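Participant: Order-wise, the sequence lines are chains A and B. FYI, my numbering numbers position 33 of the first sequence as 33, with every residue one higher than the one before it. FYI, my numbering numbers position 247 of the second sequence as 247, with every residue one higher than the one before it.
Any given hint could turn out to be false.
Listed next, with one range per pair, are the computed distances between beta-carbon atoms [claimed, not checked]: (1) A15/A <-> R130/B: 53 to 63 angstroms; (2) I39/A <-> A131/B: 29 to 39 angstroms; (3) R279/B <-> T17/A: 40 to 50 angstroms; (4) P5/A <-> R279/B: 37 to 47 angstroms; (5) I39/A <-> A273/B: 22 to 32 angstroms; (6) I115/B <-> G49/A: 47 to 57 angstroms; (7) A156/B <-> C48/A: 31 to 41 angstroms; (8) S55/B <-> S38/A: 24 to 34 angstroms; (9) S296/B <-> T6/A: 30 to 40 angstroms; (10) R279/B <-> R74/A: 46 to 56 angstroms; (11) R83/A <-> L76/B: 18 to 28 angstroms; (12) G13/A <-> R130/B: 29 to 39 angstroms; (13) A276/B <-> R83/A: 53 to 63 angstroms; (14) A121/B <-> I39/A: 50 to 60 angstroms.
Here's a subset of chain B near chain A, in silico, CB distances under 7 angstroms, partners left out [to be verified]: (15) D219; (16) T255; (17) S296.
Since the hints were made in silico from the structure, they are not lab data. The structure presented is a predicted model; accordingly, all values stated were derived computationally and were not measured. Glycine included, every Cβ here is placed at the ideal spot set by N, Cα and C.
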Amino acid sequence: MAKPPTLIVHINGRATTVDAGSVVSAAILAAGVPCRLSISGAPRSALCGMGICFECRAVVDGIPHCRTCQLVCRDGMTVGTQR
Amino acid sequence: MNSFDVLILGAGIIGCACARECAQAGLKVGIVEVNIPGGGATAAGMGHLVVMDDSPAQLALTRYSRSLWQELMTQLPPTVEYENRGTIWVAADEEEMAEVHAKQNIYASAGVDSIVLDSAAIASEEPELRAGLAGGLLVPDDAVIYPPTAAAYFLAEAMQHGALLLRGHAAVKTGTGVVTLDDGSTLTSGRIILATGADKTILPWLPLQKRKGHLAITDRYPNFLRHQLVELGYLKSAHKITEDSVAFNIQPRTTGQLLIGSSRQYGNEYAAADNAILREMLNRACNYMPALAHLSAIRVWTGFRVATPDKLPYIGPTEDPTLFLAMGFEGLGITNAPGAARLLADEFLNRQSEIDPTPYLPSRVARMEVAHG
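Input sequences plus hints: build the corresponding full structure.
Facilitator: As structure tokens, this is what we get:
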């Protein structure tokens, strides 16, 4: 089987290789960082994975509060934990 | 059991502040609340602790009340979210800059610190404001709180000093020293404080008018905003008695959220949000802070300020020597709660008040009626 195409996204400043077609929340989980921090600083990540729970919010290409489970990775995308 | 020294009708921030003052002074206090304490106008507002100078009497009460909040500052629980943010009154043009200087003189004469900001200074204090504003006036000691938790704190303090919360029934009638509840039961008290906000069941003739307001809250955008900002035009628009109006008024919350106001509507008693005025309000905000247009608001709600004809609250005795008022605070109930409570407690305990209580006495209502023929 041919290797699937990959692309690079920058997660909290680190270039990370992901399979093309990955959703951003999956890339964040694979990178081992939280999507966002709660008001008290607790790390949070995708829970429902279908755009309902809002736990997967992160900063994507400078835009805060993006629901990353509803976004597909693009080559060169920057993703940051939402604080 | 059903007899009190002071019975307070209404457990909003005003009633709860009164309960705390009276209970701490050793009086036996009861508080009657049909719904959730702090769930009415207290929960709907911004929680801006602000010195306002519409009139000398308003300036005196807001300045005094703010000083009482400052005394409380260190003992307030974190849930009250007291933050010494300061207010910036934003001047769009040179005409409003003239008002900035006039305002500073008034504040200075009352011993309230304020700092004039020029065009560059206001831009550096609040970089998200649009470029080219004339300047502003920074009032550094104004603050921000979360009002429902402040009311809860006052109530808890009152109860620690023996106050009794009587939930679930509304007061429908008062006679000399007697309150009748909606289940027909009665309570007796040497003094009754009416602090029911917009609810005029007890004194339907009392001149009070509801003024509907809208607020929007955004998602969390930490460090977008540092101070509470209010456009100086707010004073002009807030003074209009008959027309609907909007003004730029924005507050940073401890969560990083932004609370965006404000609107004033008259004769509209529907609690539903009004899309036309909401749009106007948010457009006004975006006009002052263009980047707001890219942020997401997560909730919008309305509330009712309760105003008197002369824009001063009713604090003090009525013709019934057992019935006292603490009503009609319009947008300043959160700021003025501690001051109003202290004035009433002073009255009950025959203490000399720190400020002159006469401008707020309800007895002026009769005089207003005479004055209007």
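Participant: With reference to the structure, classify each hint as holding or not holding.
Facilitator: These are the hints, each one checked on the structure:
Restraint check, A15/A to R130/B: a C-beta distance of roughly 37 angstroms breaks the suggested window 53 to 63 angstroms. Range check, I39/A to A131/B: Cβ separation about 32 angstroms, and the 29 to 39 angstroms hint holds. As the Cβ distance of R279/B to T17/A is approximately 45 angstroms, the hint placing it in 40 to 50 angstroms holds. Range check, P5/A to R279/B: Cβ separation about 45 angstroms, and the 37 to 47 angstroms hint holds.
Remark: the range hint 22 to 32 angstroms for I39/A to A273/B is upheld by a beta-carbon distance near 26 angstroms. Checking the proposed 47 to 57 angstroms range against I115/B and G49/A shows it holds: the Cβ atoms sit about 50 angstroms from each other. At about 37 angstroms, the CB distance of A156/B to C48/A agrees with the hint of 31 to 41 angstroms. At roughly 44 angstroms, the beta carbons of S55/B and S38/A sit outside the given window of 24 to 34 angstroms.
S296/B and T6/A have their C-beta atoms about 32 angstroms apart, which keeps the hinted 30 to 40 angstroms range intact. In this structure the hint that R279/B and R74/A lie 46 to 56 angstroms apart at CB is violated, the actual value being about 33 angstroms. For the pair R83/A and L76/B, the supplied restraint of 18 to 28 angstroms holds, since their beta-carbon distance comes to about 26 angstroms. As the Cβ distance of G13/A to R130/B is approximately 32 angstroms, the hint placing it in 29 to 39 angstroms holds.
For the pair A276/B and R83/A, the supplied restraint of 53 to 63 angstroms is violated, since their beta-carbon distance comes to about 36 angstroms. Hint check: A121/B to I39/A, Cβ distance near 31 angstroms, so the stated range 50 to 60 angstroms is violated. Taking 7 angstroms as the C-beta contact cut-off toward chain A, the hint placing D219/B at the interface holds, the least distance being around 5 angstroms. The closest approach between the C-beta of T255/B and any C-beta of chain A is roughly 5 angstroms, which is under the 7 angstroms cut-off, so the hint is satisfied.
Evaluation of the S296/B hint against chain A yields a held restraint, the C-beta minimum of about 6 angstroms falling below 7 angstroms.
Of the hints listed earlier, those the structure fails to meet are numbers 1, 8, 10, 13, 14, in rising order.
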